[in-house]
Amino acid sequence: MRDLKNIDRLFQENLKDFEVSPPVKAWSGIEKKLVKPSNKRIIPFWVKISSIAALLALIFSVGTIYLLPTSNFTKNIRPENSKIPKVIDEKDQETTVAVKSKKAKSKISTPSEADTNSNLENLVDINEEVIENTINKPSEITKESNPYFLADAVDLPLQNNKANKVKSKEFLNGKLTVATIFAPIYINSFGDGSGVDSQFKENPTSGNSSYSYGVKVAYKLNNKFSVQSGVNLINLGYTTDGIYVTPGVSVVGFSNISNNPILAKNESASSKEIDNSGSLNQVFGYVEIPVEVKYNVVNGKFGINVVGGFSTLLLNRDEVFIETTNFSQSLGSSNNLRSVNFSGNIGLDLDYSIHKNLFINVSPMFKVQTNTFSRNSGSIQPYYLGVYTGLNYKF
Amino acid sequence: MSLNELVKQCAKNDRRAQEEIYQLFSGKLFSICLKYSKNKQEAQDNFQDGFITIFDKIGQFKFKGSFEGWLKRVMVNTILLKYRQKNVLSLVTDEIPDEVIVDIDDEEVSLDFLLNLIQELPDRYRMVFNLYVLDGYSHKEISKMLQIAEGTSKSNLARARNILKQKIELHQESQQSI
Numbered sequence: 001m002r003d004l005k006n007i008d009r010l011f012q013e014n015l016k017d018f019e020v021s022p023p024v025k026a027w028s029g030i031e032k033k034l035v036k037p038s039n040k041r042i043i044p045f046w047v048k049i050s051s052i053a054a055l056l057a058l059i060f061s062v063g064t065i066y067l068l069p070t071s072n073f074t075k076n077i078r079p080e081n082s083k084i085p086k087v088i089d090e091k092d093q094e095t096t097v098a099v100k101s102k103k104a105k106s107k108i109s110t111p112s113e114a115d116t117n118s119n120l121e122n123l124v125d126i127n128e129e130v131i132e133n134t135i136n137k138p139s140e141i142t143k144e145s146n147p148y149f150l151a152d153a154v155d156l157p158l159q160n161n162k163a164n165k166v167k168s169k170e171f172l173n174g175k176l177t178v179a180t181i182f183a184p185i186y187i188n189s190f191g192d193g194s195g196v197d198s199q200f201k202e203n204p205t206s207g208n209s210s211y212s213y214g215v216k217v218a219y220k221l222n223n224k225f226s227v228q229s230g231v232n233l234i235n236l237g238y239t240t241d242g243i244y245v246t247p248g249v250s251v252v253g254f255s256n257i258s259n260n261p262i263l264a265k266n267e268s269a270s271s272k273e274i275d276n277s278g279s280l281n282q283v284f285g286y287v288e289i290p291v292e293v294k295y296n297v298v299n300g301k302f303g304i305n306v307v308g309g310f311s312t313l314l315l316n317r318d319e320v321f322i323e324t325t326n327f328s329q330s331l332g333s334s335n336n337l338r339s340v341n342f343s344g345n346i347g348l349d350l351d352y353s354i355h356k357n358l359f360i361n362v363s364p365m366f367k368v369q370t371n372t373f374s375r376n377s378g379s380i381q382p383y384y385l386g387v388y389t390g391l392n393y394k395f
Numbered sequence: 396m397s398l399n400e401l402v403k404q405c406a407k408n409d410r411r412a413q414e415e416i417y418q419l420f421s422g423k424l425f426s427i428c429l430k431y432s433k434n435k436q437e438a439q440d441n442f443q444d445g446f447i448t449i450f451d452k453i454g455q456f457k458f459k460g461s462f463e464g465w466l467k468r469v470m471v472n473t474i475l476l477k478y479r480q481k482n483v484l485s486l487v488t489d490e491i492p493d494e495v496i497v498d499i500d501d502e503e504v505s506l507d508f509l510l511n512l513i514q515e516l517p518d519r520y521r522m523v524f525n526l527y528v529l530d531g532y533s534h535k536e537i538s539k540m541l542q543i544a545e546g547t548s549k550s551n552l553a554r555a556r557n558i559l560k561q562k563i564e565l566h567q568e569s570q571q572s573i
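First to last, the sequence lines map onto chains A and B. Heads up: the first sequence at position 213 corresponds to 213 in our numbering, and the numbers run straight through without jumps. If you want our numbering, it's the position in the second sequence, counting the first as 1, plus 395.
The hints are simulated quantities; they were obtained by calculation from the structure and are not laboratory data. Glycine included, each C-beta is placed from N, C-alpha and C at the ideal position. One should not assume that every hint holds.
Derived lysine to aspartate or glutamate pairs resembling DMTMM-like cross-links, with alpha carbons at most 20 Å apart [claimed, not checked]: (1) B:K423 x A:E31; (2) B:K435 x A:D17; (3) B:K560 x A:D8; (4) A:K16 x B:D507.
Label-pair ranges, simulated between beta-carbon atoms [claimed, not checked]: (5) A:D17 x B:D451: 24 to 30 Å; (6) A:V217 x B:T448: 33 to 39 Å; (7) B:K535 x A:F18: 26 to 32 Å; (8) A:V47 x B:T448: 27 to 33 Å; (9) B:K435 x A:R9: 43 to 49 Å; (10) A:I304 x B:S397: 35 to 41 Å; (11) B:L565 x A:E19: 42 to 48 Å; (12) A:E13 x B:L565: 19 to 25 Å.
For reference, chain A alone in the conformation it holds in the complex (with noise of 0.2 Å):
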C-alpha cells in the first residue's frame, strides 16, 4: 500500500541494521596486508649501555693477559742485594744452610751424618753470616753444600707451577640471586716456569686439583643480561717434580723464597740410603671477586648462559714445601707472588629450576690469571679449569 513517508524513515528502516558478507576472499586480501609480526624489538637504552658494558669487560679481562708486561716472568737474574746465608752447623761443618733472608734465627733438624740420624737443633744467627751468593756463583754453593744439599738439578726436566682462581655464576629470573657454590679446580698454566725459581723451568710440572667455594650474588639486568659478582677462596698448587736433594742440611737460597726454612720432619731413614728425588710444592690460596656478566641464551626450566669477566685475586696464603718419601719441609713462602693479581673468566653456566625460587647451576669455567708472578719465574702463565656448581635463591 501506498503511503506518505519520511525519506529518512524510508532509508533507517530498510538499512540500519543490514548485514552483508563481505566477499570471501576479503580475509585473505586484509590478511597479506596486515603488519606480519615484528621481530624487531625495542632494545632499550639502558639495555644497550649494559652491553657496551659487558664487552667492555669481555675485552679488559682478555686484554689484561696480553697486555701486561711480562718482563716479570722471563727474567731470571738474582738481585744483586740477595744475599744467601751460610750456616755452619756448629757440630758438624759440613752441614750447610743456605738460606736467603734476614737475620733469623731458624731451627733445623738436620740428620748430620751418615751414622747419626738425630735431629740436631741448630740456632743459627744468620745475620752475622752472611755470604753473597749468587746464582751467579753456583761454585760456592757447591763447594759449601754437603751431605744435605737440596741441589736443583737444573739440568733435569724441567717443571712450572701454578694457578688458580675461582669465580661463580647462576641465576634466573628474580632480579636478584644469590649462591653457594662450590668448584673442583683443575690448574695447568701456559709457558714455561716455575713459580719457585726460574731455574726450575724445565722441570716437569702439575697442577694439584683444589677446589674453591664461596657466594655468589646475581642481580637480573633484562631478560638477557645479568651481573654477577661474589667472593670466593680459592687453594692452588702446584708441584715441581725432578727435583735433587742431597743428602745434607738442605735449602740453597731460591731466589723466591723468603722465609727462612725449617725441616720439619726429617724420617729416620739413613742418609745414606735417602731418596734424593722429591718435588717442590708450591701452595697458594686467594680471595677471589669476580665481577661477570651473564648472557642468557636459552630460558626456561633448563637455561644456558654464556658467562665472561673478570676477577681480582687477592693472596691470603702462600707457602713452598720440599716434599721427598722421606720428609718434607716447608721453605717458607714464595716472594714473587703479587698479592692482587687478576683473572680473565668465560664459560658457560647451565641452570636447572627445581622451585619457583630455587635453582641449580653448574658452570664450567676456564680462568687465565695475569701477573701472578713479580719475577723469575719464567713465562709461566697460570690457568684452571672449574665446574662451579651451586645453589641458588632467587628473591
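Since chain A is already given, all that's left is putting chain B on it; use the hints.
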C-alpha cells in the same frame, strides 16, 4: 575465548584472533562500507583498508563502551578520511527543508535499490546522509568529522534528500510506465 580476550590477542598480532574478530563483525562492517562507498568495488577496497586500520589500532581500544561501536567508528573514519581528501565542490542552498516526504509503497523498493540510490549520491552528500540519517550523528559532529561548516552539512543533507526523492519518483514513474 571472550571478546575481550580476543581483542587482547589481536593487539598481540595473533592471526587467529584477528580472523575470529573478522568473522564476527565482517557483515556489519561491510554493510557500512556499502552505504558509505560509491559502488561495490570501492566498498570492498574501503572494507579492506578499514580492517587493516582496525587491527593496527586495536591496541588503543580501552574496553570502555561497545567494541562494535568502536569498530564502526574506525571503519567510518577510515572511509571519511578517504573521501574527505577529495575536494568536493559544495553547493549552497538557501532553503533547507526540515523533511522530505515521498509518496511510496514499501513493496516498491528493495534494499538493493535504496542502497544503490545512496551509492549514486555525490561523495559529500552520501557521507552526510549516512552519518546523519543512518548513523545518527548530529550536524555538529558531522561538521567536525568532515571538516566542513555545520551549515554546509545541513545543506548537503537537504540536497541528498532531494536527489533521493527525485530518483525514487523517477523509479516509480518508470515502473508505472511498464
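Status of each hint after checking the structure:
1. B:K423 x A:E31: holds (19 Å)
2. B:K435 x A:D17: Judged against 20 Å, a Cα distance of about 18 Å means the pair holds.
3. B:K560 x A:D8: OK: B:K560 and A:D8 at ~10 Å, within 20 Å.
4. A:K16 x B:D507: holds (13 Å)
5. A:D17 x B:D451: 24 to 30 Å: With Cβ atoms ~27 Å apart, the hint holds.
6. A:V217 x B:T448: 33 to 39 Å: Violated - the Cβ-Cβ distance for A:V217 and B:T448, about 50 Å, lies outside 33 to 39 Å.
7. B:K535 x A:F18: 26 to 32 Å: holds (27 Å)
8. A:V47 x B:T448: 27 to 33 Å: Given about 32 Å between the Cβ atoms, the range holds.
9. B:K435 x A:R9: 43 to 49 Å: Violated - the Cβ-Cβ distance for B:K435 and A:R9, about 25 Å, lies outside 43 to 49 Å.
10. A:I304 x B:S397: 35 to 41 Å: holds (38 Å)
11. B:L565 x A:E19: 42 to 48 Å: Distance hint for B:L565, A:E19 is violated at roughly 28 Å.
12. A:E13 x B:L565: 19 to 25 Å: holds (21 Å)
In the structure shown, a violation is registered for the earlier hints numbered 6, 9 and 11, in ascending order.
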